[in-house]
Amino acid sequence: MNRILIIDYGSGNIRSVYNAVKKVSSKKISEIKVSSSANDLKKCTHIILPGVGAFEFCLRGLKRKKLLGCLEEVVLDNKKPFLGICVGMQMLATKGYENGEFSGLNWINGEVRKIKTGKQKLKIPHMGWNNLHFKRKTKFIKQLLRKIEFDKNKEVSAYFVHSYNFNNKNQNEKIITSNYGGEITAMISKDNIIGTQFHPEKSHYFGLAFLQTFIEQKD
Amino acid sequence: MLKVRIIPCLDVDNGRVVKGINFISLRDAGDPVEQATIYSREGADEITFLDITATHQKRKPMLEVIKKTAEQCFVPLTVGGGIQNISGITEFLLAGADKVSMNSAAIKNPNLIKESSNKFGNQCIVVAIDAKKKSKSWNVYINGGRVDTGVDAIAWAKKAESLGAGEILLTSMDKDGTKSGFDLELTAKVSAAVSIPVVASGGVGNLQDFFDGIKIGGASAVLAASVFHFKEITIRDVKNYLKSKNIDVRTDNF
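Chains as they are written, first to last, in numbering that gives the first Met the number 0: chain X, 0 to 218; chain H, 0 to 253.
The hints are all genuine.
Calculated pairs, BS3-like style, for lysine-lysine (alpha carbon to alpha carbon, straight line, at most 27 Å):
(1) X:Lys113 x H:Lys157
(2) X:Lys64 x X:Lys94
(3) X:Lys42 x X:Lys217
(4) X:Lys122 x H:Lys132
(5) H:Lys157 x X:Lys118
(6) X:Lys146 x X:Lys134
(7) H:Lys214 x X:Lys118
(8) H:Lys66 x X:Lys21
Examples of chain H residues toward chain X, derived with CB under 7 Å:
(9) Ala69
(10) Glu70
(11) Phe73
(12) Gly95
(13) Gly120
(14) Ser219
The following label-pair restraints were derived from C-beta to C-beta distances:
(15) H:Pro109 x X:Gln142: 47 to 55 Å
(16) H:Asn117 x X:Lys78: 31 to 39 Å
(17) X:Lys168 x H:Lys230: 49 to 57 Å
(18) H:Asn117 x X:Ser34: 24 to 32 Å
(19) X:Arg145 x H:Gln207: 39 to 47 Å
(20) H:Ile85 x X:Lys42: 31 to 39 Å
(21) H:Val146 x X:Asn178: 41 to 49 Å
(22) X:Arg145 x H:Arg40: 22 to 30 Å
(23) X:Asp76 x H:Thr148: 56 to 64 Å
(24) X:Lys65 x H:Ala192: 41 to 49 Å
(25) X:Lys42 x H:Glu231: 48 to 56 Å
(26) X:Asp76 x H:Lys230: 50 to 58 Å
(27) X:Lys78 x H:Glu231: 52 to 60 Å
(28) X:Arg145 x H:Arg145: 52 to 60 Å
Note that these hints are calculated values from the structure, not bench results. Even for Gly, the Cβ is constructed at its ideal location relative to N, Cα and C.
Model the full structure from these sequences, guided by the hints.
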């Protein structure tokens, strides 16, 4: 039985994430919990870290809840499947440059910097639906693409809303990209860790399929 | 490329959908949760609720509408109307809104834009501008179009951006409900003046109007209410039309 924990650290659209996970849950899911307790982190099988707001504000929220140590233990040592969404992904970086320079969790090598729109007068935030390009066919992606009955001629888009981009170092960890002015890191992955810049909980059928693929991951 | 968003708007009064012409003469148009669910299935890229006669006592039905909609619609939800302060914004967000749109409160207390965007992120804060033409410029109106503030709409849009607004929802009061197309001049001027997305609203009557709002108005998103409510045009019609005119729209999820 899977137990999904959505981390509540005082930021973000927790309810949207909860609603979407609930929608795609099957009998195999015994509970979906929204919590910030270390005890729940230890008991759960899957972890979702939502994130809306500024990089440092979100990190501070995690610290205030005294969750960092326990989170590192269950994700990095116990290897529980982890999904960070939007700023929940950005916080995994080495450094973030939103409203100053801040250290991130450094689980995935890279920096979070303001989107460069180049010479085009593109609007910031990058807000709305954008096409996804699947760069690496990981096991997760294969399962996801099967679920959405993907074929090459089909466009797949997801909902983004952000002003900063995760420039990750290791290209192998960049799984999905999008394009806005330049390349946008849409999904990263390393071992049991997944991060998405887009909001699966707001990306309609594709997003629901994404969350379902995640919660069906085996421990 | 980033796609143009098609946004159906539901004007809600005491838990029911209503729609007026030039901000008055309302008629009943159904259950908001049911409508929102249909729209999201048809391919709406976002859904906007405007609580048009919100007073504090009437907030409960709106919160209930947001809560129920968020359980069924997995696209972004924007909610506006009657927001006075941070706690009002928090209430909407906790109910399941992704963005809140503020109008009168932002004019009366511009610092609310700053305070709320710092707290919730600027992507969350939409400043709604109801604008009415005054010979060569447009004035901002508040209190549901009842009060002329004398503030210039373009200057106000810029100020809202500098205070931390993540988006402008621009409604032409002259065009609202008339089905004679967006106020393209106003839309183009505001879009050019700010670097945040502008949602064009007020006046859509046919498919060409959507195209013009994007191409001529420079809007990042187009919003309409009555043409969708009364099924004169479906969201799918709009998307098929725009696609045929080489405008990038989301068609993959439906």
